Amino acid sequence: MPRSKLDAAARRNRILANTIVIALAIITLLPFLWFVVMSFKPADDIFAGIDGFFFTPTLENYTSLWNDRFAGSMLNSFITSSVSTILALVIGTPGAYALSRATMKQERTFSLLILASRMAPPVAFAIPYFLVYRYMGLLDTRTGLILVYLTFNLALVVWLMRNFFDATPRALEEAAWIDGASLWKTFMVIVLPMSGPALVTTAILCFLYSWNDFFFALTLTRNNAMTAPVEVVNFMNYEGWEWGKIAAGGTLIMVPVLAFSLLMRKYLVAGMTAGAVKG
Amino acid sequence: MENRRRDVAVNAVGHAAKAGKTPAFERQRQRFFWLLLAPVLAILAVVTLLPTLYLLVTSFTPLNLANPATAWDFSDPLVNYRTLLTDDRLHNSFWVQAKLSVVTVVLQLLFGLVVALLLNMRTPLMNALRTSFLVPMVLPPIVVAIIWKVLYSPDISPAWWLFQLLGWNVQTPITDASWALTAIIVADTWEWFPFTMIIILAALAMMPEEQREAAEVDGASIWQLTWYITLPYLKGTLLVAGLFRLIDSIKTFPLIYILTDGGPGSVTEVSNYYIFVQSFSFSYIGYSAAVTMVLLAMIVVLSWVIIRAVSGGSNAQE
Amino acid sequence: MKRDDRTAAETAASAGLFRRDVLKFALAGSALAAVGLRAPAVLANAKPFEGVTLRGACFQHIFHTYIQKLLPEFEEQTGMKVEFDLQAFPVYNQRMDLELSTHGSSYDFCNITHSFSGRWISAGWLTPLNDFLNDPNKTAADFDPDDFVSGTQIAYIDANKQLHGFAWEAGAMLLAASRFDILDKEGIAMPTTLAGMIDVCKAIHNKNGVAAFVADRLHHWNFPPYLMGFGGKVFRDPPRDLMPVLDTPEVIEAATYYSELLSNYCPPGVLSYTDDQAMRNQLAGRANMRINAMSWLLPLAKSDDSRVKDTVRFALMPEGPAGGFPACNANAYGIPAGSNQKDAAWAFIQWATSKKTFERTALEMGGLATPRRSIIEDPRYKEALTINGQDIASMYLDVLERSGREGYMAYRTVPIWPQTGEKINKAIERIASGQADAATSMKAAQAEAVEDIKKAGVKL
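If you read the sequences in order, they're chains A, B and C. The first sequence begins at 1 in my numbering and counts up by one. The second sequence begins at 1001 in my numbering and counts up by one. The third sequence begins at 2001 in my numbering and counts up by one.
Keep in mind that the hints were calculated from the coordinates and are not lab data. Note that the structure is a prediction, hence the values are computed from the model and not measured. Each residue gets a CB set at the ideal place from its N, CA and C atoms; glycine is no exception. Take the hints with a grain of salt, since some may be wrong.
[Stated by the list, open to error] If we take Cβ atoms under 8 Å as the criterion, some of the chain C residues that face chain A in the derived model are:
#: 1; residue: Gln2087
#: 2; residue: Ala2088
#: 3; residue: Val2091
#: 4; residue: Arg2095
#: 5; residue: Ser2106
#: 6; residue: Asp2391
[Claimed, not checked] Keeping only pairs whose Cα atoms sit at most 30 Å apart, straight-line, the calculated DSS-like set for lysine-lysine is:
#: 7; chain 1: C; residue 1: Lys2443; chain 2: B; residue 2: Lys1099
#: 8; chain 1: C; residue 1: Lys2233; chain 2: C; residue 2: Lys2202
#: 9; chain 1: A; residue 1: Lys266; chain 2: B; residue 2: Lys1235
#: 10; chain 1: A; residue 1: Lys266; chain 2: B; residue 2: Lys1099
#: 11; chain 1: C; residue 1: Lys2138; chain 2: C; residue 2: Lys2443
#: 12; chain 1: C; residue 1: Lys2382; chain 2: C; residue 2: Lys2069
#: 13; chain 1: B; residue 1: Lys1251; chain 2: C; residue 2: Lys2454
#: 14; chain 1: C; residue 1: Lys2233; chain 2: C; residue 2: Lys2443
[Stated by the list, open to error] Quick look at which bits of chain B chain A covers, simulated, 3 or more residues with Cβ under 8 Å:
#: 15; segment: 1025-1031
#: 16; segment: 1039-1046
#: 17; segment: 1087-1097
#: 18; segment: 1150-1161
#: 19; segment: 1283-1289
Work out the full structure, taking the sequences as your base and the hints as a guide.
So, in structure tokens, the structure goes:
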């Protein structure tokens, strides 16, 4: 009975594949889980080798961390990331729409400009921004960070949203024009509302990239505007690495991005693949 | 892209024919689009083009912050570019960069492909586990770096507890000249294989079923299916994903900053990191600007290749 | 701080005290006499700095924690508020370097890291303190700058005899063996020469599971004493002649010696060790000897985490064929050139480095790496630093004084030291990780250093 034989083989394959995937998932997650677990370990157990494998969880790393300064840096991270995301969306979305709908000779030039500014290594911007901010007094300010985050966020918004607009039919807009709606009104009332999911996707990615930034915050802030990733590195102090605190801080920094990513997985994946799969 | 192409064609041929479209309206539309586009272009120019120009100008001066007289000193504009030609440490950094980029991109494509092909069987269990593969990629890179610092520190690493238990005497790779770069590569591959994975998965989801089914009916094995049908279909996607990763790999910073600081010696010092040290530790701003210009030129070329590849890819699919 | 309610007469009587010895040249020309019998105006007022918020930046160090504990009194008396921004050591140095280059006013006082002192002072990024010192309205008579041991102050005096900072911490390199009992059992004494130290290492390495030696990865701090011990030099004649001389036979010999120490007699992974990791190895009794500043060695005797309290022994750093050159450093408080509140900043620095403050931080709180002679010679200090029968206080003072007298630390306080130090660090890493032999690596370091110094615009 070849049919059932085939089924049996297929089932075996599935079981095998499932097992491999479970193993791979564990390997992928292990380093991350180890780190999170470490943040709940008492300092002694961190260095205790295998003896520290079982331990009584403690929140002391978190409480010792939650002083004004770390809270302040989390706030800075939050403000700079969200404001920059919103600005980029407000400025970039109409532009992306125009780029998608208009027929322009310079299109390839724009694409190159946008892609290149997304691809440029941060150090290329950090040097001139540092020099200019020295004179403008924007070093170590949230405004300064927000502006510099626009370098990649704006490009990201235009890139992703144009992809989205390219894929949406124009029938509705054209119908609205025929009904005498103005171009601006059509954009606001017809186009924007149907872009909801795309806007969410883009916003998540912008927020993620800004939140995850380390380089600009390291070079362009000192204390007032210092963001959480830099503050965590700061725990490597003169007296040594405070592993418990570092782990707790790192865990706190990843909570928002992890929560976002897991809750909105579909959007996130859509955004990340948009550039590559469809162009 | 395909849609846009089609639309462009429609624009060109059939627009006027559509109801209510006069040339006057068409002009108004174009004006409106430029109006929407103007702020983006203006701001993009201010936040990206101006700084790049400033960088270019600075690269012709020996600017050193500890020596104010060096600002705007154009007496020997090419001095940095001459130094650059003889700077062994810089050349070494390009070589390190090349090794790091090529190996990580290949490994990430490989792992990404394997995991994506597995996950594409889409059993309920796999759909449930799928998200866990995304975790490394969305973590803040600085946290990823710290996680690997933990794993590579014998005092606190679970791996070394195991080695100790087994009685092995293992050196930590991050201080070993022949293994330090490998240590970075392992961490980087862990961090970014999910990226190639989701791109490949997305492409697989759009793969037309007919060919596969036909081959399956003909009794092709799963390996044959993968080799002769799936992989050729994925060629374009792999290329694009690889190019994206290639460019991003030039930005690798936190891993090196935290794990090796470019060492031991200079074996893990990539160009990006070298520029950082030169500019932000020793304030050789002029020289760093020149090196950065070279790096930027390389990235623009790569970006251009990507645009060609992506448009080429979609042509092939059409 | 009882300074405020002192009478004018007291002030005048002690005014003469603070021109003496080491700092005489720095303070020459003071117009003290003319000021006569007036109390320091600033200090005599109750709360002279009411409403001022002073902002300072330092790298994280236990001393600042002590100071923060004592601050309320100071704030009560002066009316100012003092805020600290503390960062990790490497992060602090890099950021303060950039911050100072902007001439910004975000900080009113800052730590001057010893190895950056030459760079920061010569670039004009810090405020000279002489005018403050010479003005009895601004400086209390009993401040007594000469009380700072010379080795802790020379880094902060520039070519024009202007003084830019006062040390809050002093470092003097000593040798400590955490498990002297292992040496003792073999009938070996603490080594006094570098050659002898290698023999000791050979004899005890991995006995009882203890590595013979341990070091941290800050080679540009650890290595130069060996380099000079073998008769080498970093620069030809600092600060006048900054030609690096890193490829001489003496330096190569020293590099070979030092790298051998690292690769053959240290725990695995030593090349990545931070200060703290190296110390932990000693505290746990996993590594025996280490040569570093006293603050990294004292915890062996004082820390609750120490398992080697009873077995630790100290000694001066062993000498090389050319003599002994134990490193000495001092980190100081200074005032950035861009500060808008220099008077208040000086009042703070003066208080934080006063005898009274050090008395409390050193003798009551346990911060023993202190720069003032009067504290080091205090009987209570001697008592605290008598460990397992050894008088560590006098070793400490000996090193501080020797480096001040002989001036061999000058290499570390020249403007181009940070870059040159990095070259040395990389060179040692290359040798110890087996990428290159000592001669090749040091020759490369020499070429890189020369190239770099040219890039910095220094004429050789």
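The hints, checked one at a time:
Hint status for Gln2087/C relative to chain A: holds, with the closest Cβ pair at about 5 Å, below 8 Å. For Ala2088/C, the shortest C-beta to C-beta distance to chain A is roughly 5 Å, which falls under 8 Å, so the interface hint holds. Restraint check, Val2091/C versus chain A: the minimum CB separation of about 6 Å is within 8 Å; hint holds. Annotation: Arg2095/C was flagged as interfacial toward chain A, and the flag holds, the nearest CB pair being 6 Å apart, inside 8 Å.
Below 8 Å, beta-carbon pairs count as interface contacts, and Ser2106/C has one with chain A at about 7 Å; its hint therefore holds. A hinted interface residue such as Asp2391/C counts as satisfied when its beta carbon comes closer than 8 Å to some beta carbon of chain A; here the least separation is about 26 Å, so the hint is violated. Pair hint Lys2443/C plus Lys1099/B holds up; C-alpha atoms about 26 Å apart against a cutoff of 30 Å. Simply put, Lys2233/C and Lys2202/C have alpha-carbon atoms about 28 Å apart, close enough for the 30 Å limit, and the pair holds.
At roughly 24 Å between alpha-carbon atoms, Lys266/A and Lys1235/B fall within 30 Å of each other, so this suggested pair holds. Using a Cα cut-off of 30 Å, the hinted pair Lys266/A and Lys1099/B is violated, with the two alpha carbons roughly 34 Å apart. For the hint linking Lys2138/C to Lys2443/C, the alpha-carbon distance of about 51 Å lies beyond 30 Å, and the restraint is violated. A threshold of 30 Å between alpha carbons decides the hint, and for Lys2382/C with Lys2069/C the separation of about 24 Å falls inside it, so the pair holds.
This hinted pair checks out: Lys1251/B and Lys2454/C have alpha carbons roughly 29 Å apart, not beyond 30 Å. Between Lys2233/C and Lys2443/C, the direct Cα distance comes to roughly 14 Å. Compliance with the 30 Å bound is thereby established for this hinted pair. Restraint check on the segment 1025-1031 of chain B versus chain A: 4 residues with Cβ-Cβ distances below 8 Å, three needed, restraint holds. Figure legend: the segment 1039-1046 of chain B, annotated as covered by chain A; annotation consistent (5 residues with Cβ-Cβ distances under 8 Å, at least 3 required).
Evaluation of the coverage hint for the segment 1087-1097 of chain B: breached, as 0 residues show C-beta separations to chain A shorter than 8 Å, against a requirement of three. With 6 residues having a beta carbon nearer than 8 Å to a beta carbon of chain A, the segment 1150-1161 of chain B meets the requirement of three or more and the stated coverage holds. As drawn, the segment 1283-1289 of chain B meets chain A at 3 residues by the rule of a beta-carbon pair under 8 Å; at three or more, the given contact holds.
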